[in-house]
Amino acid sequence: ITLDGTSLTVVAVGDDWFNVTLVAYTQQHIIMPKKSVGDAVNIEVDVLGKYVERILQYRKPEAAESSVTREFLQENGYD
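The sequence shown begins at 29 in my numbering and counts up one residue at a time.
Be a bit skeptical, because a hint or two may be false.
Think about it this way: if two alpha-carbon atoms lie no more than 25 Å apart in a straight line, the pair counts; the simulated SDA-like pairs of lysine to any residue are [said to hold, decoys possible]:
| no. | residue 1 | residue 2 |
| --- | --- | --- |
| 1 | K62 | T30 |
| 2 | K78 | A40 |
| 3 | K78 | L101 |
| 4 | K78 | S35 |
| 5 | K78 | F100 |
| 6 | K63 | K78 |
| 7 | K63 | T34 |
| 8 | K63 | L36 |
| 9 | K63 | D32 |
| 10 | K63 | T37 |
| 11 | K78 | L31 |
Pair ranges (Cβ atoms, derived) [stated by the list, open to error]:
| no. | residue 1 | residue 2 | range |
| --- | --- | --- | --- |
| 12 | Q85 | T54 | 25 to 35 Å |
| 13 | N104 | G42 | 52 to 62 Å |
| 14 | D107 | Q85 | 39 to 49 Å |
| 15 | A40 | A68 | 21 to 31 Å |
| 16 | E90 | A68 | 34 to 44 Å |
| 17 | A92 | N70 | 41 to 51 Å |
Hints are computed from structural coordinates only; laboratory data are not their basis.
Yeah, the Cβ is synthetic: ideal placement off N, Cα and C, and Gly gets one too.
Using the sequences plus the hints, can you model the full thing?
Structure below.
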């Protein structure tokens with residue numbers, strides 16, 4: 029997540045919120061502390077696509093329904 033050009037490390041995510049952390053050096057050199065509640069900010073979330081892609085890679089594929097049934101096996105000599 030990037031706010032006003034400052035990359036943030038996301039440390040927690042909820043359905044409609046997220047928490048971030050900033051190292052002390054970054055906090056001293058950005059304009060974010062000068063912002064007030066209600067001020068507009070530029071939010072960039074391009075990196076989310078990378079996270080979504082990674083999550084999807086590790087999803088377990090759904091098993092396809094097999095046409096091999098117990099009856100089929102018994103009819104073909106398997107008990």
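Taking the hints in turn, this is what the structure says about them:
1. K62 with T30: holds (16 Å)
2. K78 with A40: holds (17 Å)
3. K78 with L101: violated (45 Å)
4. K78 with S35: holds (15 Å)
5. K78 with F100: violated (44 Å)
6. K63 with K78: violated (29 Å)
7. K63 with T34: holds (13 Å)
8. K63 with L36: holds (16 Å)
9. K63 with D32: With Cα atoms ~10 Å apart, K63 and D32 stay inside 25 Å; holds.
10. K63 with T37: This hinted pair holds, its Cα atoms lying about 19 Å apart.
11. K78 with L31: holds (18 Å)
12. Q85 with T54: 25 to 35 Å: holds (30 Å)
13. N104 with G42: 52 to 62 Å: holds (53 Å)
14. D107 with Q85: 39 to 49 Å: Distance hint for D107, Q85 holds at roughly 40 Å.
15. A40 with A68: 21 to 31 Å: Check passed, 24 Å falls within 21 to 31 Å.
16. E90 with A68: 34 to 44 Å: Since E90 and A68 have Cβ atoms about 43 Å apart, the given range 34 to 44 Å holds.
17. A92 with N70: 41 to 51 Å: This hint holds: roughly 45 Å between Cβ atoms.
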